[in-house]
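Chemist: Chains as they are written, first to last, in this note's numbering: chain A, 58 to 414; chain B, 58 to 414; chain C, 58 to 414; chain D, 58 to 414.
Read the hints as simulated data drawn from the structure, not as lab findings.
Values in this document were obtained by computation on a predicted structure and should not be read as measured data.
Take these hints with a grain of salt, some might be off.
Note that identical chains are pooled: a pair holds if it fits in a single copy or bridges any two copies.
[Stated by the list, open to error] DSBU-like mimics (lysine-lysine), calculated; alpha carbons at most 35 Å apart, straight line:
id: 1; residue 1: Lys191; residue 2: Lys409
id: 2; residue 1: Lys376; residue 2: Lys191
id: 3; residue 1: Lys342; residue 2: Lys191
id: 4; residue 1: Lys191; residue 2: Lys350
id: 5; residue 1: Lys91; residue 2: Lys350
id: 6; residue 1: Lys91; residue 2: Lys195
id: 7; residue 1: Lys195; residue 2: Lys350
id: 8; residue 1: Lys376; residue 2: Lys116
id: 9; residue 1: Lys342; residue 2: Lys195
id: 10; residue 1: Lys191; residue 2: Lys91
id: 11; residue 1: Lys116; residue 2: Lys350
id: 12; residue 1: Lys344; residue 2: Lys409
id: 13; residue 1: Lys376; residue 2: Lys342
id: 14; residue 1: Lys331; residue 2: Lys376
id: 15; residue 1: Lys195; residue 2: Lys344
id: 16; residue 1: Lys409; residue 2: Lys91
id: 17; residue 1: Lys344; residue 2: Lys116
id: 18; residue 1: Lys342; residue 2: Lys331
id: 19; residue 1: Lys331; residue 2: Lys91
id: 20; residue 1: Lys91; residue 2: Lys342
id: 21; residue 1: Lys91; residue 2: Lys116
id: 22; residue 1: Lys331; residue 2: Lys195
id: 23; residue 1: Lys376; residue 2: Lys409
id: 24; residue 1: Lys342; residue 2: Lys409
id: 25; residue 1: Lys409; residue 2: Lys350
Next come the chains, spelled out residue by residue.
Protein chains: 4
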Amino acid sequence: MFPGNIAGMYNDLHCQMISFTCDYAEGAHPLILKALCDTNMEQLPGYGNDLYCLRAKEKIRRACGCPEADIHFLVGGTQTNATVIAALLRNYEGVLAAETGHIGVHEAGAVEYTGHKVLPLPQHQGKIRAEELKAWLKTYYADANHEHMVFPGMVYISFSTEYGTIYSRAELEAIHGVCREYGLPLFIDGARLGYGLASLQSDLDLPALASLCDVFYIGGTKVGALCGEAVVFPRGNAPAHFMTTVKQHGALLAKGRLLGIQFDTLFTDDLYGKISRHAIDMAEKLKEILHRKGIPFFLESPTNQQFVILSNQEIERLKPLVGFDFWEAFDADHTVVRFATSWATPQENLDKLAALL
Amino acid sequence: MFPGNIAGMYNDLHCQMISFTCDYAEGAHPLILKALCDTNMEQLPGYGNDLYCLRAKEKIRRACGCPEADIHFLVGGTQTNATVIAALLRNYEGVLAAETGHIGVHEAGAVEYTGHKVLPLPQHQGKIRAEELKAWLKTYYADANHEHMVFPGMVYISFSTEYGTIYSRAELEAIHGVCREYGLPLFIDGARLGYGLASLQSDLDLPALASLCDVFYIGGTKVGALCGEAVVFPRGNAPAHFMTTVKQHGALLAKGRLLGIQFDTLFTDDLYGKISRHAIDMAEKLKEILHRKGIPFFLESPTNQQFVILSNQEIERLKPLVGFDFWEAFDADHTVVRFATSWATPQENLDKLAALL
Amino acid sequence: MFPGNIAGMYNDLHCQMISFTCDYAEGAHPLILKALCDTNMEQLPGYGNDLYCLRAKEKIRRACGCPEADIHFLVGGTQTNATVIAALLRNYEGVLAAETGHIGVHEAGAVEYTGHKVLPLPQHQGKIRAEELKAWLKTYYADANHEHMVFPGMVYISFSTEYGTIYSRAELEAIHGVCREYGLPLFIDGARLGYGLASLQSDLDLPALASLCDVFYIGGTKVGALCGEAVVFPRGNAPAHFMTTVKQHGALLAKGRLLGIQFDTLFTDDLYGKISRHAIDMAEKLKEILHRKGIPFFLESPTNQQFVILSNQEIERLKPLVGFDFWEAFDADHTVVRFATSWATPQENLDKLAALL
Amino acid sequence: MFPGNIAGMYNDLHCQMISFTCDYAEGAHPLILKALCDTNMEQLPGYGNDLYCLRAKEKIRRACGCPEADIHFLVGGTQTNATVIAALLRNYEGVLAAETGHIGVHEAGAVEYTGHKVLPLPQHQGKIRAEELKAWLKTYYADANHEHMVFPGMVYISFSTEYGTIYSRAELEAIHGVCREYGLPLFIDGARLGYGLASLQSDLDLPALASLCDVFYIGGTKVGALCGEAVVFPRGNAPAHFMTTVKQHGALLAKGRLLGIQFDTLFTDDLYGKISRHAIDMAEKLKEILHRKGIPFFLESPTNQQFVILSNQEIERLKPLVGFDFWEAFDADHTVVRFATSWATPQENLDKLAALL
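Can you make the complete structure from the sequences, with help from the hints?
Modeler: Dropping the structure here:
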């Protein structure tokens, strides 16, 4: 009943070709693995009460310029989004997000599963606009029946967005301004925060971003860690007993050290910034290659995700040679595909790609 | 505003003393770390579609003698319990569990958060009894108003239990028999499955256990892994689209490789069994030491958790010297404490403990 | 601290003018009140086990031509929608509905509160189209990432819709056909079912409608009852223990007689049909008046709700004279308003309205 | 396929015998029916914005001595319990209740369905004790792991309880005192509030009760109304947007008048008090009869529910002659049964019962 040879059975699945499919294809930055190995046999308290978690939190507070910040380490993005959103909303409230926002599309209804509606806002290359947010809120409160509708309880944006775009400081200030006007917390999904901030077009850094929202997270999974997202409440403004909420969501790691050690490493000597900038360097080179080859762009992304339009014929040709991600149909004969760089992308892979195209 | 010296600030928190506080104090078995390092720069598909996950699943199927098993890797125990229970129950059903069951006590209401009641059964050193389960069900269905009550939808037991005890084959058969009679799936929380099966008193092995329940999980977090629980539906009986349910619960790891590589290692050359037996060897020696020192036992546990009664005075003396866990007050002057061994416990720590007591 | 005269204090609130604001402005049809009075002191079992409930169910089965139908009486529309949808969906599924569907807009997130996403479909005067439903489903299943998205689990339509429109037999057959093709139950919100079926343009009757869906309800609240909706599973296809689900949702009335007596009356001598036709007669006359006065229609509704466009100036003039409902802004100077007739509308009110316009 | 004669088919179901089964066997007090008939054709605003709702609220404020009270009318008890509890608890909190509390036993898990655990307290004839509540809270907060447990977020008691017992003023003050000490809202389920306050043993009235809790409801369903419970937040302390929460729970009646008119009638000329006292008069006579006949009492109830122990043989004899409710097995040969009086019980029924026993 079992096949004879386990060892050999999946060799064909092992991806030998180069891949630009996503930014979570490799394991962790080697310094993270080294730190995990170095500390492995230390006996530490569980649930995030170890010194590495404490140290990582202190380093993140410094990096964000937020000495009062409450910081919690969770394991993954969907989990973090659902946990933070459920903790901040009251029962009768929903969360406003771009209609392309990850929480509204690709999280299997995790937010709704906690009882809250995702209220869609118009999107522009993955971004929302302050004036449209304000218009939505004005219309909502002007509706005589709005008490029969889901109240807007917070605003969710991603930085960088699902389309690789970023908000400028002015744009973020405007959105944050509307949020304050209406008493709505602003939550930034930073699954790709490193790449967003490292973008050549970004005029924001961690302290600026922290000052312009009410909660955000620093994505580890896609930026050099095995797993882990660091949730930051910049002004000590975590909801009461947030740790219990994290536990209730199944998001509290027994061996919290796994997250603490990783973020301690990422925030030592600015490793997080350095590897994010590497991904952006590689993305700029990737864009140059794609432009040079005359491949049309679906949109201009200033971060590590590049969306281009390929003919379906070209896609068939490339498929066995290089990994990339199918995004959406463009027309009958063309498809939008994504090429992503990451902290781990070597120059060599770009050279190979250039040769293939 | 920030203290001057991060490097030194938490040194005092670093636990220099030996600890028997829990079985998740260290990192991972060195072979796991080695495997993570060896495979680190391989580019692999996400979300558990990598070859290591596939290989680990195949090895687990063999170890369980279940060629048709559906296997899913989740990150932690509370998360796994809530996800499996919510996936199996219909809306109007609850889960029966010992009143000391982990899901009813120490998971911050994670099961209720998914909308289901935990229905308490009498416990005997952490175990339920088939005849009491049957009596409960008979009483329930005999109640003319039972349609106004939460229906029993499944049975949850832990192996080993929260008190370190285990079910014999006969006991498990009897419970499973009642479950089948009433059409209730039986779910075994195996956060400490390795230690339960390795117990000198156990007359069960993985295939026997798999044949006597409808779903169980093989705990990694407490048995040598950094994190991870392998959920096994032994007869290909996973609920439809269980992967989407896992995603909805925020329990689907983007870098599924982290779990696949760990379980692949644990199920190579029976590492899981070997390290579990080591913990039991250490526990037997620990029991001998405690008996020799005349320390009264709260109950007789055949696994890696030992519960003894210490005077509060003795506790104060020992606290700065050795780590252990406070369980519950025994009387005004005495407390039940737990000493746990694990895959990582060295003989040396036992010797030190013997000297201290 | 209390005002001196309760009796007089709210007299000004008492609406003396005629109202076309909604179809739930009056109490109940006099025959219903009579039946409540006639049976008042009979001692009856609770929770829907009384003879009036049983008799009403039997009469509804006959009216629908569904001898096997499971029928449950609930109290109101939002409650019924949330209860039925939660009972039919599995955890990882959502409900497809027109973007104007009541469940997605005006039920305060009641469906999401049960953990399920409302998946919006394009609407055309409140209706969905079979071909667009099919296209949505095709796109969904063609998406490589659809397992990270909410599964479509059922389809919700309203009859008549929130804009007073109705589906033709051919349209309903086409939608039902797509539903069967994809294994999706079709649920018809019949809060205004009587008015929909009584429409001069309707080519459907109760048996036809029942045969073209999997569950629907016969609205009482808006069609002559004090409260109450009769949920019909036409082919005995109610989910297991649906009564317990109703109880869990707080929707099981202790004095179920209140609902049984009302529906027994409504389905005696076709009272439901008669009073629905009266409302349609009145609506046709209302349309004639509005047309005659040259008031532009927002859309052509064949049922009891009429949507017209008034200048804001005209609205100010009419407001103190006649009740109507504000629907949505049309442009800076005009507003869409709703005039509704009902089972209770007298000819006299139409005459008064004609004089006022 | 249909039986030939609907009219006659259920005649045998019609209960001709006298019944003491429950306090919701009849319809409504005749004055309520009269008021419904008198106001029937008035056109009124929906959703509780009509003058009868406003007037009823004002009368209730006066009766409670709470000029600032927020008052909301809901339809039934389970619904009210789930809505109020979900509105007051934060996500990580549960509700403390006697283990016999209605919310924990006979509401089909409605509270858990909203995501919250019911935390059981010891019960004494249906009542909790202040000192046991305090001990529970002390133990909870003393537990080093309490952050991994469900937080106590409010206390629920019923008045009168499920066993017909009532709290004295001193007992209620003590419980309320513990609640204030720990910052927990106290919620009183008043499904049978009228009968509790009218008890000859009660030293509480509405204003006293209102001053000793944070929210309670005045039960209508079991005290003379067709349906309806009036939720009172005595000091204007309703949670924000409670009306939207009510809507979200499917508990907002479109024809709110149905509730307003009933409570307006019940609180005119103290009808609520008068009919409650009638039920108590009848209960006292019932007790006398039962005592005279030498029937052993299960417990001494001072309200309208009487629990006695009958031999199973006697039960068989009485079953076809008089209605009563089976409560629980007493021993192999005896059963605890409940006889209930209500606002509607005539002296004649007591005489008949006396003759039968």
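Chemist: Next step is simple, just say for each hint if it's right about the structure.
Modeler: We went through each hint and held it up to the structure:
1. Taking the shortest alpha-carbon separations for Lys191 and Lys409, neither the intra-copy value of 47 Å nor the inter-copy value of 42 Å comes in at or below 35 Å.
2. With identical chains, the CA atoms of Lys376 and Lys191 are at most 35 Å apart between copies only, with a shortest distance of 29 Å across copies and 44 Å within one.
3. Taking the closest pair of Cα atoms, Lys342 and Lys191 never come within 35 Å of each other, the shortest separation being 38 Å inside a single copy and 42 Å across copies.
4. Proximity of Lys191 to Lys350 under the C-alpha cut-off of 35 Å is found in neither arrangement, the shortest distances being 42 Å within a copy and 38 Å between copies.
5. Taking CA atoms no more than 35 Å apart as the test, Lys91 paired with Lys350 passes in neither setting, with 40 Å inside one copy and 41 Å between copies.
6. For the identical chains of this complex, Lys91 and Lys195 are neighbours neither inside a copy (53 Å) nor across copies (45 Å), given an alpha-carbon limit of 35 Å.
7. For the homomeric pair Lys195 and Lys350, the shortest alpha-carbon distance between copies (34 Å) is at most 35 Å, but the shortest distance inside one copy (47 Å) is not.
8. With identical chains, the CA atoms of Lys376 and Lys116 are at most 35 Å apart between copies only, with a shortest distance of 30 Å across copies and 43 Å within one.
9. Taking identical chains as interchangeable, the C-alpha atoms of Lys342 and Lys195 are never at most 35 Å apart, the minima being 44 Å within one chain and 37 Å between chains.
10. Taking the shortest alpha-carbon separations for Lys191 and Lys91, neither the intra-copy value of 48 Å nor the inter-copy value of 50 Å comes in at or below 35 Å.
11. Proximity of Lys116 to Lys350 under the C-alpha cut-off of 35 Å is found in neither arrangement, the shortest distances being 43 Å within a copy and 46 Å between copies.
12. Taking the shortest alpha-carbon separations for Lys344 and Lys409, only the intra-copy value of 14 Å comes in at or below 35 Å, while the best inter-copy value is 61 Å.
13. Taking the shortest alpha-carbon separations for Lys376 and Lys342, only the intra-copy value of 21 Å comes in at or below 35 Å, while the best inter-copy value is 58 Å.
14. Taking the closest pair of Cα atoms, Lys331 and Lys376 come within 35 Å of each other only inside a single copy of the chain (31 Å); across copies the shortest separation is 43 Å, beyond that limit.
15. Taking the closest pair of Cα atoms, Lys195 and Lys344 come within 35 Å of each other only across two copies (33 Å); inside a single copy the shortest separation is 40 Å, beyond that limit.
16. Taking the shortest alpha-carbon separations for Lys409 and Lys91, both the intra-copy value of 29 Å and the inter-copy value of 30 Å come in at or below 35 Å.
17. In this homomeric assembly, Lys344 and Lys116 come within 35 Å of each other (Cα to Cα) only inside a single copy, at 34 Å, whereas the closest approach across copies is 43 Å.
18. With identical chains, the CA atoms of Lys342 and Lys331 are at most 35 Å apart within one copy only, with a shortest distance of 17 Å there and 50 Å across copies.
19. In this homomeric assembly, Lys331 and Lys91 come within 35 Å of each other (Cα to Cα) both inside a single copy, at 17 Å, and across copies, at 26 Å.
20. Both within a single protomer and between protomers do Lys91 and Lys342 lie at most 35 Å apart by alpha-carbon distance, with minima of 30 Å and 34 Å respectively.
21. Both within a single protomer and between protomers do Lys91 and Lys116 lie at most 35 Å apart by alpha-carbon distance, with minima of 19 Å and 28 Å respectively.
22. With identical chains, the CA atoms of Lys331 and Lys195 are never at most 35 Å apart, being 42 Å at best within one copy and 43 Å at best between copies.
23. Only within a single protomer do Lys376 and Lys409 lie at most 35 Å apart by alpha-carbon distance; the minimum there is 14 Å, versus 60 Å between protomers.
24. For the homomeric pair Lys342 and Lys409, the shortest alpha-carbon distance inside one copy (13 Å) is at most 35 Å, but the shortest distance between copies (59 Å) is not.
25. In this assembly of identical chains, the alpha carbons of Lys409 and Lys350 lie at most 35 Å apart only when taken from the same copy (14 Å versus 69 Å across copies).
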